[in-house]
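Engineer: Protein chains in written order, with numbering that gives the first Met the number 0: chain E, 0 to 523; chain Z, 0 to 183.
Because the hints were derived from the structure by calculation, they are not lab data.
One or more of the hints may lead you astray.
[Claimed, not checked] Heads up, simulated SDA-like pairs for lysine to any residue below, C-alpha to C-alpha not over 25 Å straight-line: (1) Z:Lys-12 - E:Thr-22; (2) E:Lys-521 - Z:Asn-5; (3) E:Lys-13 - E:Ile-482; (4) Z:Lys-44 - E:Ala-309; (5) Z:Lys-44 - E:Tyr-148; (6) Z:Lys-44 - E:Arg-50; (7) E:Lys-190 - Z:Leu-9; (8) Z:Lys-12 - E:Asn-180; (9) Z:Lys-12 - E:Asp-102; (10) Z:Lys-12 - E:Met-179; (11) E:Lys-190 - E:Phe-291; (12) E:Lys-62 - E:Ala-450; (13) Z:Lys-126 - E:Ile-482; (14) E:Lys-523 - E:Gln-501; (15) Z:Lys-44 - E:Gly-226; (16) Z:Lys-44 - E:Glu-311; (17) Z:Lys-12 - E:Ile-482; (18) Z:Lys-44 - E:Leu-312; (19) Z:Lys-44 - E:Tyr-313; (20) Z:Lys-126 - E:Asp-237; (21) E:Lys-62 - Z:Ala-72; (22) Z:Lys-126 - E:Gly-234; (23) E:Lys-412 - E:Ala-5; (24) Z:Lys-12 - E:Trp-114; (25) Z:Lys-12 - E:Ile-15; (26) Z:Lys-44 - E:Pro-143; (27) E:Lys-190 - Z:Asn-5; (28) Z:Lys-44 - E:Asp-237; (29) Z:Lys-12 - E:Met-108; (30) Z:Lys-44 - E:Gly-234; (31) Z:Lys-12 - E:Arg-107; (32) Z:Lys-44 - E:Ile-223; (33) Z:Lys-44 - E:Gly-305; (34) Z:Lys-44 - E:Thr-227; (35) Z:Lys-12 - E:Met-191; (36) Z:Lys-44 - E:Gly-235.
Model, not experiment: these values are computed from the prediction.
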Amino acid sequence: MAHGPATLADGWGKYISRWVFTTNHKDIGTLYLWFSFAMFIMGGAFAMIIRAELFQPGMQLIKPEFFNQMTTMHGLVMVFGAIMPAFVGLANWMIPMMIGAPDMALPRMNNLSFWILPFAFAILTATLFMEGGGPNFGWTFYAPLSTTYAPDTVNYFIFGVHIMGASSIMGSINIIATVMNMRAPGMTYMKMPMFVWTWVITAFLLVAVMPVLAGAVTMMLMDINFGTSFFDAAGGGDPVLFQHIFWFFGHPEVYIIILPAFGVVSHIIPTFSRKPLFGYSSMVYATAAIAFLSFVVWAHHMFTVGMPIAGELYFMYATMLIAVPTGVKVFNWITTMYRGSLTYETPMLFSIAFVILFTFGGFTGMMLSIAAADMQYHDTYFVVAHFHYVMVAGAVFSGTAAVYYWLPKWCGKMYDETMGKVQFWIAFIGFNITFMPQHFLGLAGMPRRYADYGLQFADWNMVSSIGAFMYGGAQILFLFNVIRTIGWGKPTNDPKVWEGAQGLEWTLPTPAPYHTFATPPKIK
Amino acid sequence: MSARPNNRSLLVKLTGLAVAMFMFAIFVLPPLYDLFCEITGIGGKTDGAYTAVAVEVDRSRDIEVQFVATNNATMPWDFYPIEERVMVHPGESRAVVFYAHNRTGQDMLGQAIPNVLPNNAADYFHKTECFCFNNQPLAAGESAELELVFIVDPDLPASVNTVTLSYTMFDITDRAVAQVSQVQ
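Work the whole structure out from these sequences, hints included.
Structural biologist: Laid out in structure tokens, this is it:
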């Protein structure tokens, strides 16, 4: 006998308990998605403060110390609070429905892995209101800036990172266990949808590198409080060791962020091209190749530390090699669209923008991978522009596309297409106005992470700030559109929602019932 | 639910992997890094005290050894080499002196950290005596001449004609006080 979830009609107590104690993958997915959106708004607010201060040269609104806290918190909140939980939320919602499983493999751990996350970010955000201020050493928290010279609140930061790491590891273990053990009969690995594939590979990356991050912050903790000298030259340690350990985590981390985005786009483009994904197996192998290569290229983030030429050459060529599997993916998406019956609904618009802008970001990445040239680009706005092209136009655009694509399936109501398209164009134009000029600023020599800049950078900074406010406004419209859809959207009962949609999740009724696939479907 | 035992064993294995990676980061990566730097000489770290062995002095080669002394961050001492450069033959033992003066009104403890460039010279620069083997206590207003005795190994790669030895002086007064108070 299937029982429904508690609703507001059952009273607040029951309704709150439902969400706190839930082990339902759809509920937990929803929690993750709302949490990540809240963090996205908060991280976005930090970005607005940064861009408002940089609107004009000189110091107008905030103090440089606070500016440093804003850049640090913006990075940390967006990476660990917005993008990663958003994709974990999508995984929770979609993976069981895509592989024909009744729920996630480890539902109680699923609950735990979500509910420790708000505490991690409460601790992290609370440091902003403490004496000495929040973390101000950049999201990469290089030692000794984050040890010897850090504010006292760094211990809260370390604790927060430990908790969010534990959350990610538990979430990943759950996803791996679900995919390995809970697939419907007949669903072989090479029949799994692309989103499931990319997430399994991502989950392995997470289990492998989040503990390394935990190790890095633990060593910081010991250097700060227990008199060890892992990163302290005065005691025989080496600050460069920190950078190696950080980027051994950090480089796989960027693929952790982008691989699930690849998966999402690999669903949306075939749907609106009304053609199956071109080169499915090459997509799988390319994803695995990218994940493998991500472990052996980390030092391209630190060409300027003083590496022997052999090291620079190795990391340069290994980095360039990643362009090969990435290129395979991009060409497969383009080939999927080639001669398809394309329509341009909002998810498709975001996905096409993803392919174009992610490729831009990939090309600037190729420029940065050239060791000799990187000496000039290092720590300038060129780097900032590069990683926002891959993180925002990559991960965030794809996350937005995913929400528009699956929202009708989740809540049984259609979003407002016009509003979605308006949001897309504001976001697309705003994004490019924000970050395209930052390439020019970086090439002209403007360093990142400063609250002020020389007069020669004034014009493009103003343009960039105007674009940032536009892009920020688009997110408010997004939030409004989602709330409007859930509350007052046009109801739909079409299981497929989209004419060209393929996959198990579209065989389920719309809206997706609370419990699905209690008996596994047969895959031919 | 037949899947449950599988889930449990996967959970254990994957948690084991996570714990192993954590241990790897803390207990394996730092020593591995030190080992890598020692083999390649990349970090510029010099070895500890060297016991001189009888070697023939190679009078056909002249090696210029340069000395650099830097204060780290907030270190207020005067700290510099008396001679900024000396010429030596490989295999020859040579003594040089650094000058340090504590200008403050407090007793302080310094620690000099050496670094050798070029990287491929680090393994061939031996110190038989060095003030850097211990920390350097200087009372308020006190000054000291810090001695270093070194030998450039005759096996120094032929491409190297100049070796730069750099010292960075760190203020470890607070750290030492903390350690003393921990003992008490």
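Engineer: All hints, please: hold or fail.
Structural biologist: Right, here's what the structure says about each hint:
Between Z:Lys-12 and E:Thr-22 the CA atoms are separated by roughly 23 Å; this keeps the pair inside 25 Å, and the hint holds. With a CA separation close to 21 Å, the supplied pair E:Lys-521 and Z:Asn-5 stays within the 25 Å bound. Restraint check for E:Lys-13 and E:Ile-482: satisfied, since their Cα atoms lie roughly 23 Å apart, inside the 25 Å limit. For a cut-off of 25 Å, the pair hint linking Z:Lys-44 to E:Ala-309 stands: about 19 Å separates their Cα positions.
Between the alpha carbons of Z:Lys-44 and E:Tyr-148 the distance comes to roughly 24 Å, so the proposed pair stays at or under 25 Å and holds. In summary, the hint linking Z:Lys-44 to E:Arg-50 is not supported, as the alpha carbons are separated by about 43 Å, beyond the 25 Å threshold. Of the pairs offered as hints, the one joining E:Lys-190 and Z:Leu-9 holds, with about 22 Å between alpha carbons and a cut-off of 25 Å not exceeded. At most 25 Å may separate the alpha-carbon atoms for a hinted pair to count; Z:Lys-12 and E:Asn-180 meet this at roughly 14 Å.
Our distance criterion of 25 Å between C-alpha atoms is met by Z:Lys-12 and E:Asp-102, whose separation comes to about 21 Å. Under the criterion of a C-alpha separation no larger than 25 Å, the hint pairing Z:Lys-12 with E:Met-179 is consistent with the structure, at around 13 Å. Our distance criterion of 25 Å between C-alpha atoms is met by E:Lys-190 and E:Phe-291, whose separation comes to about 22 Å. Restraint check: the Cα-Cα separation between E:Lys-62 and E:Ala-450 comes to about 8 Å, which is no more than 25 Å; the hinted pair holds.
Among the hinted pairs, Z:Lys-126 with E:Ile-482 is inconsistent with the structure: their alpha-carbon atoms are about 72 Å apart, more than 25 Å. Only pairs whose Cα atoms come within 25 Å are accepted, and E:Lys-523 paired with E:Gln-501 is accepted, the gap being roughly 14 Å. With a C-alpha separation of about 21 Å, the suggested pair Z:Lys-44 and E:Gly-226 falls inside the 25 Å cut-off, and the hint holds. Annotation: proposed proximity of Z:Lys-44 to E:Glu-311 holds, straight-line Cα distance about 20 Å (limit 25 Å).
With a C-alpha separation of about 41 Å, the suggested pair Z:Lys-12 and E:Ile-482 falls outside the 25 Å cut-off, and the hint is violated. Restraint check for Z:Lys-44 and E:Leu-312: satisfied, since their Cα atoms lie roughly 23 Å apart, inside the 25 Å limit. Restraint check for Z:Lys-44 and E:Tyr-313: satisfied, since their Cα atoms lie roughly 23 Å apart, inside the 25 Å limit. The hinted pair formed by Z:Lys-126 and E:Asp-237 meets the criterion: a straight-line CA distance of about 21 Å does not exceed 25 Å.
This hinted pair checks out: E:Lys-62 and Z:Ala-72 have alpha carbons roughly 23 Å apart, not beyond 25 Å. Under the criterion of a C-alpha separation no larger than 25 Å, the hint pairing Z:Lys-126 with E:Gly-234 is consistent with the structure, at around 19 Å. For the suggested pair E:Lys-412 and E:Ala-5, the alpha carbons sit about 20 Å apart, so the restraint of at most 25 Å is met. This hinted pair checks out: Z:Lys-12 and E:Trp-114 have alpha carbons roughly 23 Å apart, not beyond 25 Å.
Under the criterion of a C-alpha separation no larger than 25 Å, the hint pairing Z:Lys-12 with E:Ile-15 is inconsistent with the structure, at around 34 Å. Only pairs whose Cα atoms come within 25 Å are accepted, and Z:Lys-44 paired with E:Pro-143 is accepted, the gap being roughly 19 Å. Note on E:Lys-190 and Z:Asn-5: the hinted pairing holds, with a Cα-Cα distance of about 21 Å set against a maximum of 25 Å. About 10 Å separates the Cα atoms of Z:Lys-44 and E:Asp-237, which keeps this hinted pair within 25 Å; it holds.
Of the pairs offered as hints, the one joining Z:Lys-12 and E:Met-108 holds, with about 15 Å between alpha carbons and a cut-off of 25 Å not exceeded. Between the alpha carbons of Z:Lys-44 and E:Gly-234 the distance comes to roughly 13 Å, so the proposed pair stays at or under 25 Å and holds. This hinted pair checks out: Z:Lys-12 and E:Arg-107 have alpha carbons roughly 18 Å apart, not beyond 25 Å. A hinted pair counts as satisfied when its Cα atoms are at most 25 Å apart, and Z:Lys-44 with E:Ile-223 qualifies at roughly 23 Å.
For the hint pairing Z:Lys-44 with E:Gly-305, the CA-to-CA distance comes to about 14 Å; that is within 25 Å, so the pair holds. For the hint linking Z:Lys-44 to E:Thr-227, the alpha-carbon distance of about 19 Å falls within 25 Å, and the restraint holds. For the proposed pair Z:Lys-12 and E:Met-191, the alpha carbon gap of about 23 Å is at most 25 Å, so the pair holds. Pair hint Z:Lys-44 plus E:Gly-235 holds up; C-alpha atoms about 9 Å apart against a cutoff of 25 Å.
Consistency note: the structure conflicts with the earlier hints numbered 6, 13, 17 and 25.
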